[in-house]
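Asks: Put together the whole structure using the sequences plus the hints.
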Amino acid sequence: MYSPSCEATRNGTGVDEASANGIVLATEDLGYQIYEVSGEGSSTVSTEDIRECLKKQLEFCFSRENLSKDLYLMSQMDSDQFVPIWTIANMEGIKKLTTDMDLILEVLRSSPMVQVDERGEKVRPNHKRCIIILREIPETTPIEEVKALFKNENCPKVISCEFAHNNNWYVTFQSDTDAQQAFIFKGRSE
1 MYSPSCEATR NGTGVDEASA NGIVLATEDL GYQIYEVSGE GSSTVSTEDI RECLKKQLEF
61 CFSRENLSKD LYLMSQMDSD QFVPIWTIAN MEGIKKLTTD MDLILEVLRS SPMVQVDERG
121 EKVRPNHKRC IIILREIPET TPIEEVKALF KNENCPKVIS CEFAHNNNWY VTFQSDTDAQ
181 QAFIFKGRSE
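FYI, the UniProt record's numbering numbers position 178 of the sequence shown as 178, with every residue one higher than the one before it.
Hints listed in this document are in silico derivations from the structure and should not be mistaken for laboratory results.
Among the hints, a few may not be true.
No more than 30 Å apart at the CA atoms, straight line, and that leaves these computed lysine-lysine pairs for DSSO-like [unchecked claim]:
1. 147 to 186
2. 151 to 186
3. 96 to 69
4. 55 to 69
Replies: See below:
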């Protein structure tokens with residue numbers, strides 16, 4: 001169930017805020033967003049709201065966008081991109097929401113954006129590859145023609161298609177599974 005409690009809007013001061021249930025989102029110098037429970041209304045914040053905000057915060061931490069800038073989090077990763085869960089639990093944005101390690105672990109395990117190790121001690125991003133790169137197709141090729149290569153009832157729907165460079169096109173699908181199915185379909189149709 002979607003909860004609007006963590007949904008942010010930009011105000012004139014450069015601080016993101018959410019008005020529902022006393023939850024405030026502030027972007028600080030830490031390099032990631034912080035969802036915090038504050039104010040007199042914080043007693044009305046439900047466990048589900050905290051769980052939803054925690055999920056958004058954790059997924060943001062492991063997003064491609066954040067990882068491209070978050071040198072601290074990157075420095076904490078081992079060679080397999082795993083980070084100890086206690087490291088995540090000690091991040092300011094997470095501590096402001098909860099210090100309950102069981103809740104943090106539960107939310108991490110429920111998220112498709114991350115992968116928790118078998119022992120429940122480490123977590124890593126679970127980035128999907130949902131883009132097929134088509135090579136040797138000239139830039140002058142109409143986009144409709146490129147999309148038509150995947151137009152078939154046995155092929156997943158193309159989400160987007162764009163020319164990259166050097167006669168390469170990026171064709172994006174909903175998921176890595178869809179991209180794999182489209183790749184197999186394309187291979188069989190040639």
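Asks: Does each hint fit the structure? Answer for all of them.
Replies: For each hint, the structure was consulted:
1. Proximity of residue 147 to residue 186 is assessed by CA-CA distance (about 12 Å); at most 30 Å being required, the pair is judged to hold.
2. For the suggested pair residue 151 and residue 186, the alpha carbons sit about 10 Å apart, so the restraint of at most 30 Å is met.
3. A distance of roughly 22 Å separates the Cα atoms of residue 96 and residue 69; the hinted pair therefore holds under the 30 Å criterion.
4. About 20 Å separates the Cα atoms of residue 55 and residue 69, which keeps this hinted pair within 30 Å; it holds.
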